[in-house]
Each structure stands twice: as structure tokens, then as C-alpha cells.
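Given chain A, work out where chains B and C with the ligands should sit, using these hints.
Sequence order for the protein chains is A, B and C. Residues in the first sequence are numbered from 188 upward in steps of one, following the working numbering. Residues in the second sequence are numbered from 20 upward in steps of one, following the working numbering. Residues in the third sequence are numbered from 43 upward in steps of one, following the working numbering.
Honestly, the hints are just simulated from the structure, not real lab data. Treat the hints with care, as some may be off.
[What the hints assert, rightly or not] Straight-line distance between alpha carbons at most 30 angstroms, and here's what the computed DSS-like set of lysine-lysine pairs gives:
1) A:Lys208 / B:Lys293
2) A:Lys461 / B:Lys150
3) A:Lys232 / C:Lys244
4) C:Lys93 / A:Lys231
5) A:Lys501 / A:Lys488
6) A:Lys194 / A:Lys231
7) A:Lys567 / A:Lys557
8) A:Lys461 / A:Lys488
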Amino acid sequence: MHFELDKGQKDIQRAARDFAKGEFDKELALQLEKDHAYPEKIWKKACAEGFIGLHFPDEYGGSDYGILENALVVEEFCRRDSGIGAALLTAHFACEIILHHGSPEQKSNYLPRVTGGECLSAGAFTEPMHGSDITSMSTTAVRDGDDWLINGVKTFITNAGHCGFYVVLVQTDVDAKHRGESMFVVDADLPGIEVASVGEKMGLKMIPTGEVSLKNVRVPGSALLGIENQGFYQVLQFFDESRIEVAAQAVGTAQGAFDRALEYIKGREQFGIKIAKFQAIQHKLAEMATQLELARLITYKAAWLADHKKPDTKLSAMAKYYAGKVASEVASESIQMFGGYGYITEFEVERFYRDARITEIYEGTREIQKNIIAGQVLGKLP
Amino acid sequence: MRTIMAIVEVVDETALELAHAARSLGEVHLTAAVFGAEDAGCAELARYFDRVVNFPLSPGAVFDAEHAAAALTPWLAAEQPFLILLSHTNNGLDLAPLLAARLDLPMLADCLELGLRDEQLTAVRTLYAGKVHARVVADAKGGALATLRPGAFDGDEAIDRGGRIETAAVPPGPPARRRLLETVAAEAGSVDITQAEILVAVGRGIEEQENLEIVQSLAAALDAEVACTRPIVDKNWLPKSRQVGTSGQSVSPKVYLAIGVSGSFQHLGGVKGKPFLVAINQDAAAPIFAVADVGVVGDLFDLVPLLEEKIRARKG
Amino acid sequence: MNIIVCIKRVADTSEAEIVIQRGGQGLEEEDFAWGINEWDNFAVEAAVQLKEQHGGVVTAMTLGGEDDEEVLRRALAMGCDEAVHLCDEAFAGADAWGIAKALAAAVRGRSYDLLLCGAVSGDAGGGQVGGFLAGLLDLPLVALATCLEVGSGNGGTGGVARVRHEVESGLERVVEVDLPAVVTVQTGINEPRYVSIRGIRKVAGAEVQVLDGAALGLQAAELGSAGARVRLEELFLPPRGEGAEVLEGSDEEIVQRLVEMLHQRGGL
Ligand SMILES: Cc1cc2nc3c(=O)[nH]c(=O)nc-3n(C[C@H](O)[C@H](O)[C@H](O)COP(=O)(O)OP(=O)(O)OC[C@H]3O[C@@H](n4cnc5c(N)ncnc54)[C@H](O)[C@@H]3O)c2cc1C
Ligand SMILES: Cc1cc2nc3c(=O)[nH]c(=O)nc-3n(C[C@H](O)[C@H](O)[C@H](O)COP(=O)(O)OP(=O)(O)OC[C@H]3O[C@@H](n4cnc5c(N)ncnc54)[C@H](O)[C@@H]3O)c2cc1C
Ligand SMILES: Cc1cc2nc3c(=O)[nH]c(=O)nc-3n(C[C@H](O)[C@H](O)[C@H](O)COP(=O)(O)OP(=O)(O)OC[C@H]3O[C@@H](n4cnc5c(N)ncnc54)[C@H](O)[C@@H]3O)c2cc1C
Chain A
188 MHFELDKGQK DIQRAARDFA KGEFDKELAL QLEKDHAYPE KIWKKACAEG
238 FIGLHFPDEY GGSDYGILEN ALVVEEFCRR DSGIGAALLT AHFACEIILH
288 HGSPEQKSNY LPRVTGGECL SAGAFTEPMH GSDITSMSTT AVRDGDDWLI
338 NGVKTFITNA GHCGFYVVLV QTDVDAKHRG ESMFVVDADL PGIEVASVGE
388 KMGLKMIPTG EVSLKNVRVP GSALLGIENQ GFYQVLQFFD ESRIEVAAQA
438 VGTAQGAFDR ALEYIKGREQ FGIKIAKFQA IQHKLAEMAT QLELARLITY
488 KAAWLADHKK PDTKLSAMAK YYAGKVASEV ASESIQMFGG YGYITEFEVE
538 RFYRDARITE IYEGTREIQK NIIAGQVLGK LP
Chain B
20 MRTIMAIVEV VDETALELAH AARSLGEVHL TAAVFGAEDA GCAELARYFD
70 RVVNFPLSPG AVFDAEHAAA ALTPWLAAEQ PFLILLSHTN NGLDLAPLLA
120 ARLDLPMLAD CLELGLRDEQ LTAVRTLYAG KVHARVVADA KGGALATLRP
170 GAFDGDEAID RGGRIETAAV PPGPPARRRL LETVAAEAGS VDITQAEILV
220 AVGRGIEEQE NLEIVQSLAA ALDAEVACTR PIVDKNWLPK SRQVGTSGQS
270 VSPKVYLAIG VSGSFQHLGG VKGKPFLVAI NQDAAAPIFA VADVGVVGDL
320 FDLVPLLEEK IRARKG
Chain C
43 MNIIVCIKRV ADTSEAEIVI QRGGQGLEEE DFAWGINEWD NFAVEAAVQL
93 KEQHGGVVTA MTLGGEDDEE VLRRALAMGC DEAVHLCDEA FAGADAWGIA
143 KALAAAVRGR SYDLLLCGAV SGDAGGGQVG GFLAGLLDLP LVALATCLEV
193 GSGNGGTGGV ARVRHEVESG LERVVEVDLP AVVTVQTGIN EPRYVSIRGI
243 RKVAGAEVQV LDGAALGLQA AELGSAGARV RLEELFLPPR GEGAEVLEGS
293 DEEIVQRLVE MLHQRGGL
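Extracted from the complex, chain A is given alone in its bound form:
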């Protein structure tokens, strides 16, 4: 057993760090947040340098790396800037489903556009009435000759209105609950698609999040993604991977807040001494550092397992649950260390906190992660 990244992985980590250092900028981030604007230029550059979808195969514009390498990039990006980092990691959201279940045509049509920076992707699972519970969908797809007609409303959809296509989870057999769910890749410019705002968000302000309504959206048979009525299982499999990415986002965000707090306490003086000399601050720091270490370890382990063909539902859920919790707590404590300044946007840690909170909500709330973990630990109760 050994606990060190290999040389290539360290190279990737450094490359991501260099890129983030060169391209991300605090003032820019604050402005983008204010304007609710996507970091378009940085995203295009990140694509050009191969950071987006590096875990996709070569032929689709990736670099054949694994989930762990992707996690390292996500972590470095979010560490430098939680907002820009999140915007970049969601640029390829749900593409892994195409990668694993798509037809050769779907893969070569959609994936290179995402890795090449032509468009963003989106995954539309959540509905107004179906959030944590996706065991049945109100959105339906009904056959019409060779085509399908899709109807329904999806909400909280990342990149809605700014993406090239949606991966949509629908009911194809309305009587079969989760055994009747299927997936489609739906081009974003098709007639019948409308996007509305979900309102002002707490964080992730650079990323568009919208409600997508689909009215008689006609897609060809070739838009079916994977196997009919297997959509639910395809999503679960996807979450096993994507939760690792969210965990990496959480680790990076926590580390970014921690870095800033650490620098601050070394400089700030009260009662005539540096506040880093107060034991109360030191203990807080020790806890944060320990939490961070644990969150990183479990995230890397979950990624390593997935890359070694042993994807582990329980560990992915644990990683996301724990790293998400750590991100919220570490960012919150970082604000505390900054005192009043922590509450001021300029000092960044409040933004890291706002961006951290989502990691406990999307791709399964922390309660849902615990349900999964408990389910896996208990097995089938008699």
C-alpha cells in the first residue's frame, strides 16, 4: 500500500495549479459573481489545454485519464477559486452517461464538442416534484412513429439555457416506476424547449441554473441514451462516479477557505499578539486540517477504486457526504477566523462557504448519501 500520487498525477496537479494561478483572479471572480456571468474565456482556455474531460478517451478529445486525475484538477481549480472551479467542473456534467451508455454516434457527436469547448452539457434529472426521490418521473417520452415526444418540467438544471444539449431522465413506461425510466440526449435548440429562472442562488453564481420545460419536444429514436427502461440504473451508476467529483470540489473548496484563513490568522493581531497564537484558534485549525486530510483521503480512495474497476457505491457516497460536510464546516470556521472581515465579500471566505454548501445538496443531499451508506452497510434487512 502506498499513499503517494504518482509522478504523472503530480504533473497534472501542478499543471492545474499553474493554470488556475495564471487564469483565475479574485477581482475577476468577484465581478463574474456580481454579473452572474459564466467564466467563458477561462472555460475555453481550459478546454484548449485539455482540462475539461481529461478522463474521456483520446478519440473524444480527452486524455484517457481516470477519475482520480480529474478529481485532482477539480480540487486545484476549486482551491484557487470555488466559483470558477465549480463552473469548470460542471462544464461536462452528465457526459459520463453518454460515455458509458451512448451509441458510437452519440459519443462522437457530443463528447468532442464538450472537450473542445464548443458547448457545455447538462443533466436534467430533478423535477419540481421529484428531487431526492427519482424513483419515478413526471416527465414522459412517448413513441411517435420512429420519434419520441417528450413532455415535462425539469428544475434546478445546471447550465440550462447555456448548454448544447441535455441528458434527460424521463418515464417511458408510466406504470413501471423506476423500471420504466429512460434517458435521452436532447439538443438544446429543439422547438418546445423553454428555460426559466429558478431565482437568485446562494452560491454558484457564475453558473446558470434553470427550469427547463419540454413541450412536445420531438427527438429521433437515435436520441435514446442507453437501454430503454434502464435509465434509473444508468443514473445510479453515473452518481457513483460523479459524486467523487463533487467530493473533490468539496475538498478543493475547503482547502481554498483554509488557505485563506491560515494566512489571515498569521497576520491578524488582537490583544497585542497574532491571533494564531490563541489556543482556541489553534485547535480550530487542527480540527480543520484533520478534517481536510480525511476528506481528501476518502475522496482519492473512492476515485482510485473507480479507476481500478471496483466502483464502490458506498465509498462514493461516503466521500461525497464527508467531504461536503467538511467543506461547509471548514469554510464556515474560516469565516469565523476572519471575524467580521469573513462576512465581507472582498475576503472571499464567505463565497467559499456559499459555494461549499451546494456539495451537501446536489447529486444527492447528505441525507440521501447517509441512506445509501446505511443501506450498503446493513444490506437487506429481513
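Then chains B and C with the ligands, alone, in the frame of chain A:
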């Protein structure tokens, strides 16, 4: 008496600094080797040096390090001085290490102080762009070479030493392996920062090109011109004509506001005439604070807009 | 066009607090961010661009400890073809002369048209290694290049380069230099590319050649601190001297004071 040779590119202040540093080492016999100097130049040097050796240049030629190294190597090998001194200028960077290697001498580069301890040459030099100083020592029994940071030493006082002036015989060497094609003057900019009374100089602390706006806007409020450090020009964020320093412009404003500038000697080398120097930098250990009149330790992104606001308010 | 580019891993201390170790022989390095010397990054880019135009092989070379391999891998990912790591515990404490001697030993016997160095290093910054190499290898030198073009040149058998370089008072000169030659590269000569993921991927399996003192044919007395002509006596923090009057207080107060001072002393 120990002999010291100063290699002088042009007759200017740096030559006097070399002389001063050499004299500070005790009783020495001091020679200046100079290239293509006019009679007046030689005479001027003879006031400070005990001997002036002029290496003639062919008509139209200018000082060239490759040529100088070829001419000096055999001459210095024959003269065997105790110490060879050069200025740590661009030409010095081109010539000194080459000379040290050819003569197989220990070299102390970019010295701020120079001293002698028995047969050892000691020097203070900087590390990490001036954030750390190091005292280093070289065994000078068989001779040594040192380059001195321009401006770090006082210039020597003229006491007219009535130095002997000679012309060196440069034996024809092999054909030069490096040939001058042309000299390019710095491109003239639309503004001339050398004429400005107030300069707002911006450095790498500004982080992004877009952020230059706050500095430009401050400069406008002050009726000042914007100047900058080299990295800003390297990134093409501002034209070369606004760069202050040894490879840019020399300026002598009344007020110099350095914002996000660390204060490298190459940058400060272009700031002449002792302006009222204000530095804004978030690193309390930045070398700029050692030379500034007034320092503000803080984030320029907070301070610059605030400063502009207050200045505009005061102007009414 | 075969090129050897000498690179060095240095600490970026611009955001770090400097703490000198007891004894004054080193610095506390925990806070340091390490990376390729700024000037060397430009040199690598210049080498790779020349190769992209003219073909040939670019070899990156560094002398340093095990961790320093990182800059070689980086250079490979940027497009260098080969990497040579001069690594030997006996190199510890080497001065610029010792470094240049070892580099020269490694360079001898290789076929190259250009030997590129950074103009100076960001840590010790003596700007000597390139010139020493030229002296040791008996090659022409051009320091502080801001533009570099080559006509021909095919592995050390001649050709010329046109180099624009900085001289005094903001002037630059264009020279023609016979190849092989040593050129030291100034910042701003190009826009160094990022290390891309695809670049890293391409060199994932690349081998770095490791050479120790024996492999270079160097004697123990020439290596490291034993062979150093310049010894470090002591590191110390620069004396503050008179220093600046540092304004204290809230931003509001500070700026107000500053405005007053600018009026009084700056004559606004
Ligand atoms: C910024 C943002 C971006 C998003 N992006 C996307 C996207 O791109 N695509 C997409 O499909 N969705 C997206 N979502 C939706 C997100 O995945 C859901 O919000 C999340 O799954 C929770 O669903 P819900 O909001 O309906 O909450 P609910 O399911 O209504 O949950 C409410 C509360 O009840 C708890 N709860 C629910 N069930 C249980 C249970 N069985 N046991 C214990 N507690 C339970 C939850 O943990 C939570 O605390 C996004 C959300 C946000 C805020
Ligand atoms: C031969 C040669 C010639 C050269 N000629 C020149 C020349 O003519 N002119 C020149 O300028 N340089 C020249 N240089 C380069 C010089 O060595 C330095 O690298 C350069 O001057 C550094 O520029 P800087 O101060 O902008 O950047 P840095 O040294 O990187 O300093 C940036 C500073 O900004 C501060 N900072 C960062 N963020 C903030 C913030 N938010 N708020 C406040 N402060 C902040 C940092 O603390 C740091 O001190 C030359 C170098 C060589 C080798
Ligand atoms: C903390 C500290 C302690 C030191 N202690 C000593 C000491 O005790 N004695 C002493 O003499 N020096 C000491 N040095 C200086 C150190 O050994 C220098 O790095 C060395 O002298 C090289 O010279 P330079 O950095 O001036 O290189 P420069 O001549 O400024 O570098 C120019 C170029 O040379 C090339 N180059 C330089 N070094 C290497 C390398 N290792 N591998 C490949 N290419 C290279 C690069 O292209 C570089 O851009 C110390 C430095 C530090 C930071």
C-alpha cells in the same frame, strides 16, 4: 601593492563606483581598461585611476562583450591582477562570467558590498530578488573577479590621480564569432513618461490586464502618467515605453507611486532624482519598503480606488 | 536544430514569509511554492518554438536534487524531447561554477546547435551559469536575448542565429552569432504555453536520464561544496535602514494621511 583592474564599458558613474569600491579595499594600484574612449574620456578616468588602458575600437564599432572578452583575456592573463571588477549591468552579464571562465577565476556576482579578509574576498549579495541577503566569500589567492551592482556603491571623489594613459595593442584574433548587425533604440511611445512630474507605477501585483483600469483611473485623478515594471510589458499589457528600469526608461519625477511593485534593483535603477516615493504593497517584507519614503502595507485593490476617491474629493 | 536548454527549479518566495534557519545557512522552506525559474520557462518555450519551426531535438537539463525532476517533466510536457537530470548527493552546495562545470560535462559529446539558459535565476540570480558554460565550452555567448531566430544549423556543424539582445540604456542590439552558441534568454521573449493535460499525457512514459558525478567523469573534489569557489557564510534579512514611514490605521485613515502627504511633500 595589490593591483585591481576595472573594466569600464563607458565613462560614467559606474566607473567611479568601481573605483570607489576598489579603493575601499586598501592601498591598491588601480587600472581602468576602457574600450574606444575618446581622449577626454581617458583624461577623465585618469583623475580616478592610476592607469588607464584604452582598447581601441575600429571606426564605427561600439563596445561589444564578445570582442571585449577576446581582447581582455590574454591581456588580463598576462597582467595577473589581484582582482578584476566590472559593473553588474547588461553588458556585465554578457562579459563577466565569460571572462571569469576563460581566466579560470572565482567570480562574485552582483555584489552590494565588497571586503577583503586576508586572501579572501567577501561580498554581500541578494537572494530572492532582495528579500534575503547573503554574505559570501571566495578564495582570491589566485585572483578573482567581481561584478558590482550599479548604484550600490558611492562614486569615488575626484582627487586627480593623474593616471597614466596607454593604448593597448590588440593582436588580431580569429574572426569574431558574433557580429553586430544593428542597434535598435527603444520604440518611442505615444507618451513620454520621462517628462512626467508624477508617475503611478504598477507592477505584477495588479494580476490581470483588466485590473489596470484602477491604476489608470488613479493616474488620471492625479494628472499623472502610468509607468510599470518589466513583467507588465513582458505580458504586453502596457507598451515598453512605459517600463521603468535598467532595461526600460530612466525617469526623474517629483512623485513616484509604486503599486504592487516589489522593488527589484533593475526597476529602481530607472528611478532617478530621489522622488517622493510611495509604495503600496501587501508584503511588509517587500524590498520596495526599504527605499520608499512612505509605505502602505495592504491590498492595492482596496487602497487604490479609495485613494482615487479621496484625491478626487479633495480636488472638489 | 538540436537545442539543449538548462533549467533550474527555484522557490517562489513572493508570497512567503522568509525565515532564516539558525546558523544562517538556509531558509525555512515549508511555505515556498516551487517551480521552474521564470527565465527558464521562457527559454524552454523558445527552444520548443524553434524545434516546431525547424525540427530537431530539444533536451532539457537540470542539476539538482530528486524533487527537481519536476521541472524536467514539465519541460517535456511543454514539448522538449529528452530530459537529463544531473543528480548526485555530492552536488550539494555547488556554486554557479560547479553547476556550470557539471552541465558542461554533460553537454560535451552531445550534438547541439544552441545551448539556452535563463538570463538569471530568481533565487540566487547571479546570471553566471550561461556565461560560464560559454567559457568552459569555448562557445560564443549572447546574453539577455529578446528575440531569437536561426537560419540553419544541423547538430553542431555550423549555421548562424540572429539574436536581439539587451544592452545598456534601454538599447537593444541585433547580432549574428555562429552556431553552436550559448544564448541566455530574457523574460518577454515569447509567451510561454501552459503545460497542457495532453502534453503531460504524451510524455507519461518518458524517461529522464539520470547522471551522477561519476557518469560525468567528475572528481569528488570538483563536486558540490568541495569544489565551490564561492562559499556562503551567512544568510540574513536585509537591514531595514531608514526604510519607509509605514502608515498605520484603517484603510480610510491611511489613505487620508497619504493624500495629505502627497499634497505637502509631493506638491500636488
Ligand atoms: C445549484 C443547484 C444545481 C443543481 N443542478 C442540478 C442538475 O444539473 N441536474 C439535476 O437534475 N438536478 C440539479 N439540482 C437538483 C438537486 O440535485 C436537488 O435539489 C437535490 O437532489 C434535492 O432535491 P430537492 O431539492 O427536491 O429536495 P427534497 O428531495 O425535497 O429534499 C428536502 C429535504 O428532505 C430530505 N430528504 C428527502 N428524502 C429523504 C429521505 N428519504 N430521508 C431523509 N431525508 C430526506 C433532503 O435531504 C432534504 O434535506 C441542482 C440543485 C441546485 C440547488
Ligand atoms: C537584465 C534584467 C533587466 C531587467 N530590467 C527591468 C526593468 O527595466 N524594469 C523592471 O521593472 N524590471 C526589470 N527586470 C525584472 C526585475 O528583476 C523584476 O523581475 C521585476 O522588476 C519585478 O516586477 P514586479 O515588482 O512588478 O513583480 P514582483 O517582483 O512579482 O512583485 C509584485 C509585488 O506585488 C505585490 N502584490 C501582489 N499582490 C498585491 C496586492 N493585491 N496588493 C498589493 N501588493 C500586491 C507583491 O507583494 C510583490 O511585492 C529586469 C531583470 C533582468 C534580469
Ligand atoms: C538558500 C541558498 C543558499 C545558497 N548557498 C550557496 C553557497 O553556499 N555557495 C554558493 O556558491 N552558492 C550558493 N547559492 C547559490 C546557488 O548555488 C546558485 O543557484 C548557483 O550559484 C547558480 O547560480 P545562479 O542561481 O546565480 O544561476 P544563474 O547564473 O543566475 O542562472 C542562470 C541560468 O543558468 C542555468 N542554471 C542555473 N542553475 C542551474 C542548474 N542547477 N541546473 C541547470 N541549469 C541551471 C539556468 O538556465 C538559469 O536560468 C545558494 C542559493 C540559495 C538560494
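Right, here's what the structure says about each hint:
1. A:Lys208 / B:Lys293: violated, 36 angstroms
2. A:Lys461 / B:Lys150: holds, 22 angstroms
3. A:Lys232 / C:Lys244: This hinted pair holds, its Cα atoms lying about 19 angstroms apart.
4. C:Lys93 / A:Lys231: holds, 27 angstroms
5. A:Lys501 / A:Lys488: holds, 12 angstroms
6. A:Lys194 / A:Lys231: With Cα atoms ~27 angstroms apart, lysine 194 (chain A) and lysine 231 (chain A) stay inside 30 angstroms; holds.
7. A:Lys567 / A:Lys557: Measuring from Cα to Cα gives roughly 16 angstroms; hence the hint holds.
8. A:Lys461 / A:Lys488: violated, 37 angstroms
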